[in-house]
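Given the coordinates of chain A, assemble chain B onto it according to the supplied hints.
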Amino acid sequence: MEQYEAWKVLMREGNATFFQEFYVKFYQAFLEGDRWIQYFKGVGTTLIVTAAALAIGIVLGVLVAIIRTAHDQQRPGKRNPVLGLVNGVCQVYVTVIRGTPMMVQLLIMGFVIFSSSRNYTMVGALTLGINSGAYVAEIIRGGLMSLDPGQAEAGRSLGLSYVDTMRFIVIPQAFKAILPSLGNEFIVLLKDTSLINVIGGKELVYAAQAIYGRTYEQMYPLIGVACIYLLLVIIFSWLLGKLERRLRQSDRR
Amino acid sequence: MIDVKNLCKSFGDNLVLKDLTQHIYPGEKVVIIGPSGSGKSTFLRSLNLLEEPTSGTITFDGVDITDPKTDIDVIRRKMGMVFQHFNLFPNMTIRKNITLAPVRTGLMSQEEADETAMQLLRRVGLAEKADAYPSQLSGGQKQRIAIVRALAMNPKVMLFDEPTSALDPEMVGEVLSVMKELAADGMTMVVVTHEMGFAREVASRVLFMDEGRILEEGTPAEIFGNPRNPRLQDFLSKVL
Numbered sequence: 001m002e003q004y005e006a007w008k009v010l011m012r013e014g015n016a017t018f019f020q021e022f023y024v025k026f027y028q029a030f031l032e033g034d035r036w037i038q039y040f041k042g043v044g045t046t047l048i049v050t051a052a053a054l055a056i057g058i059v060l061g062v063l064v065a066i067i068r069t070a071h072d073q074q075r076p077g078k079r080n081p082v083l084g085l086v087n088g089v090c091q092v093y094v095t096v097i098r099g100t101p102m103m104v105q106l107l108i109m110g111f112v113i114f115s116s117s118r119n120y121t122m123v124g125a126l127t128l129g130i131n132s133g134a135y136v137a138e139i140i141r142g143g144l145m146s147l148d149p150g151q152a153e154a155g156r157s158l159g160l161s162y163v164d165t166m167r168f169i170v171i172p173q174a175f176k177a178i179l180p181s182l183g184n185e186f187i188v189l190l191k192d193t194s195l196i197n198v199i200g201g202k203e204l205v206y207a208a209q210a211i212y213g214r215t216y217e218q219m220y221p222l223i224g225v226a227c228i229y230l231l232l233v234i235i236f237s238w239l240l241g242k243l244e245r246r247l248r249q250s251d252r253r
Numbered sequence: 001m002i003d004v005k006n007l008c009k010s011f012g013d014n015l016v017l018k019d020l021t022q023h024i025y026p027g028e029k030v031v032i033i034g035p036s037g038s039g040k041s042t043f044l045r046s047l048n049l050l051e052e053p054t055s056g057t058i059t060f061d062g063v064d065i066t067d068p069k070t071d072i073d074v075i076r077r078k079m080g081m082v083f084q085h086f087n088l089f090p091n092m093t094i095r096k097n098i099t100l101a102p103v104r105t106g107l108m109s110q111e112e113a114d115e116t117a118m119q120l121l122r123r124v125g126l127a128e129k130a131d132a133y134p135s136q137l138s139g140g141q142k143q144r145i146a147i148v149r150a151l152a153m154n155p156k157v158m159l160f161d162e163p164t165s166a167l168d169p170e171m172v173g174e175v176l177s178v179m180k181e182l183a184a185d186g187m188t189m190v191v192v193t194h195e196m197g198f199a200r201e202v203a204s205r206v207l208f209m210d211e212g213r214i215l216e217e218g219t220p221a222e223i224f225g226n227p228r229n230p231r232l233q234d235f236l237s238k239v240l
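Each protein sequence line maps, in turn, to chains A and B. So the first sequence is numbered by our numbering: it starts at 1 and just counts up by one. So the second sequence is numbered by our numbering: it starts at 1 and just counts up by one.
Calculated directly from the structure, the hints in this document are not laboratory data. Here a beta-carbon is modelled for each residue, glycine too, at the ideal position from N, C-alpha and C. A couple of the hints might just be wrong.
Taking lysine-lysine pairs in the DSS-like style, the calculated list, with each CA pair at most 30 angstroms apart, reads [what the hints assert, rightly or not]: (1) A/Lys-176 / B/Lys-129; (2) A/Lys-242 / B/Lys-96; (3) A/Lys-242 / B/Lys-129; (4) B/Lys-78 / B/Lys-180.
Under 10 angstroms between C-beta atoms, here's a sample of chain B residues computed to sit facing chain A [claimed, not checked]: (5) Ile-72; (6) Phe-86; (7) Lys-96; (8) Pro-102.
The shape of chain A in the complex, shown without the other chains:
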């Protein structure tokens, strides 16, 4: 603390060594006035937004994927009109979400649709979730379609219902197949939470901006934030790798 004050004076006079300058700027960026708490809260918000968006995305994605797959797998000549309509809605949803930039979606949700809401973080999470759902839906649909149709036929030929066949045979195998792409989508999602500060969400980047707005020193907070994201993604990838190895058990020869 005293060292910081002393070196800060040195730096202002232009007499500080490289190490002393580094220490002062680092101190300003992370320690002065307990600023690390701001980062800490930012990480908390980032994780909450990611988790909420993930939940929304998975629910929406699974729903849309099942509707679209069920629609495509109907017996010819026995098409259900209600399913056709819902399928149309799902297609519009996927097209619109995938066809517009994430940033524009956030701005529209924040400043047009929910312009009176003050809960920016949750508006951000909702937007991210809706966005992620469209991609997750396509990933899951791809997984369900890539599975050998003989698997479902074998299940049905044993007298299992469509739902049981999906539940015990198709979905577990499809899940294993799509896990890498799903993990990829979640990593993108985690990093995209950094965008919600444009509508006022108080996540990690918001914390960095607030700090360099006061210290006029951008490098340390931004590199610090980059390191935190990197660390989060590395931890997440590691967990994902563990899950993949566990699911691969049945492949051992």
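What follows is chain B alone, placed relative to chain A:
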């Protein structure tokens, strides 16, 4: 037991089955032979509605299974099916492969199903594989498991769709011998195959199909000893 009337099936403009009428009696071993693309697999798969007929009716034990109101899952529990590519579930152990359907459909408790599975596995000589995964087995072993899986449902009829076509030649014998045993036990069987030796030995009736029609049928002695249809004569001269 299975009554097929005026069965037609088309994929788009391609007419695959042309007005088939057949009756399969209890205890019969019907073997269907014919060139590729003759519609034999489609015919077999129509019997448990894996292929939806375009027109015509199929009646199983007095129930019209082509009627949309029929619960096809209940019918399929009484019809075992064995596929060319085995279609074992790679995400489950052998035991689970066999017991899943009997337990989920409420036919047996888990204990009963486990016991049935072990009994059947012993019968085909694969009891020690109960806790293995399908990827650890050879093709012949997989197909024997697939037969056991179908048998675990206590079906009244077994449908075989080219059960030995995807196997290495040296593994064909072990699968055929299981099928022969099954036939000797009195199971009603419908078999699509290219194994003429099996057809000759086991079949009570042979159907020869070509271009979506049954061109000739009869006992193995008639079909192989005295073929009348020129297409059948031509076919046999190439495969025998």
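Hint check results:
{"no.": "1", "hint": "A/Lys-176 / B/Lys-129", "result": "holds, 24 angstroms"}
{"no.": "2", "hint": "A/Lys-242 / B/Lys-96", "result": "holds, 24 angstroms"}
{"no.": "3", "hint": "A/Lys-242 / B/Lys-129", "result": "holds, 27 angstroms"}
{"no.": "4", "hint": "B/Lys-78 / B/Lys-180", "result": "holds, 20 angstroms"}
{"no.": "5", "hint": "Ile-72", "result": "holds, 8 angstroms"}
{"no.": "6", "hint": "Phe-86", "result": "holds, 8 angstroms"}
{"no.": "7", "hint": "Lys-96", "result": "holds, 9 angstroms"}
{"no.": "8", "hint": "Pro-102", "result": "holds, 9 angstroms"}
Of the hints listed earlier, there is not a single one the structure fails to meet.
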